[in-house]
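*Asks:* Residue strings, one per chain:
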Amino acid sequence: MSDEILVMRGITKRFAGVTALHDVTLSVRRGEIHAICGENGAGKSTLMKVLSGVHPHGTYEGEIVFDGEPCAFHGVRDSERRGIVIIHQELALCGQLSVAENLFLGNERARRGFIDWNRTNHEAQALLDRVGLRENPTTPVNDLGVGKQQLVEIAKALSKEVKLLILDEPTAALNDDDSQHLLDLLDGLRDEGITSVIISHKLNEVTRIADTVTVLRDGKTIETLPAQGLSEERIIAGMVGRDLEHRFPPRTPDIGDEVLRIEDWTVHSPAQPDRVLVDRATLTLRRGEIVGLAGLMGAGRTELAMSVFGRSYGVGISGRVVKDGQEIDTRTVQAAIRNGLAYVSEDRKRYGLNLIEGVQRNVSAAALGKLAKNGWVNENEEFSVAERFRRSMGIRTPSVSTQVGTLSGGNQQKVVLAKWMFTDPDVLILDEPTRGIDVGAKYEIYSIINDLAAQGRAVLVISSELPELLGLCDRIYALSEGRITGEVDRAEATQERLMQYMTRGQNS
Amino acid sequence: MTTKTAPTAAAAPTAPQSRLSINLRQSGIYVAFALIVVLFAFLTDGALLQPQNISNIIVQNSYVLILAIGMILVIIGGHIDLSVGSTVALTGAICAVLTVHWGLPWPVAVLLTLLAGALIGAAQGYWIAYFGIPAFIVTLAGMLVFRALTLTTLGNQGIGPFPDEIRSLSNGFTGGYLGNVGLGPLGGADLVSLLAGLLFVAGFALSQWRKRAARLGYGQSVDPMPLFVLKIVGVGVVVMAVVVQLARFRNLPWVLVLLAALALGYSLMANNSVFGRHIYSIGGNLQAATLSGVKVKAVTFWVFVNMGALAALAGVIFAGRLNQAGPTAGTAFELDAIAAAFIGGAAVQGGVGKVVGAITGGLIMGVINNGMSLIGAPSERVMLVKGLVLLAAVAYDVWTKRRA
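Each protein sequence line maps, in turn, to chains A and B.
Using the UniProt record's numbering, count along the first sequence one by one with no gaps and you end on 508.
Using the UniProt record's numbering, count along the second sequence one by one with no gaps and you end on 404.
Hint data in this document are derived by calculation from the structure and do not stem from the laboratory.
Incorrect hints may have been included.
[To be verified] Have a look at the derived ranges for each label pair, beta carbon to beta carbon: (1) V348(B) / L91(A): 29 to 37 Å; (2) L216(B) / P273(A): 53 to 61 Å; (3) A92(A) / G376(B): 54 to 62 Å; (4) G145(A) / Y130(B): 27 to 35 Å; (5) K373(A) / G155(B): 47 to 55 Å; (6) M297(A) / I133(B): 28 to 36 Å; (7) F15(A) / Y130(B): 37 to 45 Å; (8) W399(B) / R82(A): 34 to 42 Å.
[Stated by the list, open to error] Among chain A residues calculated to face chain B with C-beta under 8 Å, some are: (9) I337; (10) N339; (11) G340; (12) S345; (13) E346; (14) L355; (15) G369; (16) W376; (17) N380; (18) F383; (19) V385.
Even for Gly, the Cβ is constructed at its ideal location relative to N, Cα and C.
Starting from the given sequences, assemble the full structure and let the hints guide the process.
*Replies:* Here's what the structure looks like:
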């Protein structure tokens, strides 16, 4: 048998016009822990979905050889049968069912169609012992914390006689103790001969546990390095090492006085009220300024933005929002809008648009009152407004009555931006404003953001793409594990520096 | 050629085609209604369109149509109301107690009954909007609770008779204030009814004309002139045909006047008021509406208050029509109202639907009921056909959406 348990060669995967993976190569040695690093959107998760059959054979190019045999998986069941198990970032457990039921879901310990409960619970107990989880197999999964749920997922993988375990950001949602336990467990599984592939943003964990590191960037394999003696800086260099092209419209900043300050902002998780998502964050925005907010997945960027905007997310929120020197009320979305805030969500289809309505009604949705007299909407005025934004922002649509759901991503994003521009805000928070948008449309969105700043508004841009922040922003905050870990001016900002701040943990 | 389009339409070659297909989908329901009317007119040898029968169809279905107006708003908002049948019974009983037992003057009694309906809606709206219980559950509970309260109120027996004014609201007709005019071979017809019909058509034409002029003034695309004229002539002919038939019989039913006012008012509200728009945005995308500053809870609450008040109105009319408030009144009305809304083009997920569509949906079922009973079909067959029509209407809607 060969030394390599898995070889993926020349993997190319395209989604409607976007190439997510381009000729990617990955080879994993038997019995090692192989880490895959890369920025958000580098293609890590897509690669793992190709491997596990989520993207079935035929939807990608290239070949996969597992355990010496070529593979053509048509679904997750196929890959699991071969011993490849993927544990996703969002855990796939049924909360109301017991630990034991979850462990054998779809793989029930049954006799003639009836569940053999004794065998189920007995085998479940053995699996829980293996992963070091001291819980009763009959406990509902909802009663366990996220860390323990993660262990249940791993136990479930072990029940399927896993040969290759893939973990996507396994520690992103865990506290330090739970992370520690999980990493120790992976160490132990390695000794049992189980190969693991982990995707992680936490580079200190990667250097600690991995034997080999593969770096992806822009859907391509950049390098595969032995982890022995590898520094975090070296990994970062591989992750970000692209040059900034001329992808950003020119702009001369004209920055005025401070307009908004968020002080000591703290947010707790709605699912686990004792978990802090944003920890005493303080940041300021000035008129005409574009400020970036950098952070890895799970750093608390969206949580910070949505909690400020009408407490739309999180519980146990404390802190002050000060605008033009006076504390303002942002406890409801209505109050936040009234006080000149706007928030453009990272998920425009879910949180930004009414896809079954036309452009016109979407543009007016957040400020319908401006078009109404005594509660009656002037539809002709509304049309003019929509038409004005259609022209000024270059929204490509057959007409302003066209259903927004039929437009392209870039044009949908322009509609959302138009909706918020019509509320005439002083401060705009743009959460991943160019996610899922092609390069040309990105340039247009950047121009719109520049225009907003030129009009004297303050813009806070949240982005996973560091080059975007560097190309767009006057100043960038870095957020890590809910805390502002750094603030860098445009002149001094580099990807390496930001990445260092972004990966800085609580205890480093 | 008087076709005028916005200057922008030239840049979009796909516009005319998509516009046409949208029109087709929206007008499908009206075409279907027309075909059903023609079919039954043919099957009943014209009996369906006799003056008295037209009057019957309107009067017999008025309460379901009123419920359908409230129900379409509930469904657009992404909810459902199963309690309206029981609410009809309870409010009918309340109205009976107020007028028959307590002897209150009829306007006061009707007003108090509407208020009671609004309170019923508010009670349910509270649990749905502010407490977050699905409307299906809350109104299912309401269906039982309000039926029980009806029985308690009535002491398990009917209460009647109602004052004449309430009865004429349900069954009565406008008076022949100006006498009759001769219509040649059609015989005599009530002048007031004819004038009211003409006034309605003239008002419709004028408002459409002004709307068109305003849209042109803003550079928006409008229907080409021939189509515009055709639409107005079409509506005018249909309205006048119905009015003439009614005028030949016993003038306009009061409840038709009421329905016309409700249909107009609620259509305007749904399309052009901030409140109406917020209902659509909540049903279209709840999260987006919330993040756009729509007061989602308050809007949901008031939608149910409105449903309760309209159910009370239907309750008064239904009780007045039977001249008695009975314990089984309104049974299964909720199903008729819901079916009317879905036949009329509402979407199960919410966010889509029109008041006029719901009324048309209700009339389709009314005509099927009436036409089939005229040809002597047994009631089980009527039920069968209505069920299949509901399924077909929604299947057509899903199919056109999938194709789009």
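*Asks:* Could you work out which earlier hints the structure fails to respect and list their numbers in ascending sequence?
*Replies:* 10, 11, 13, 19
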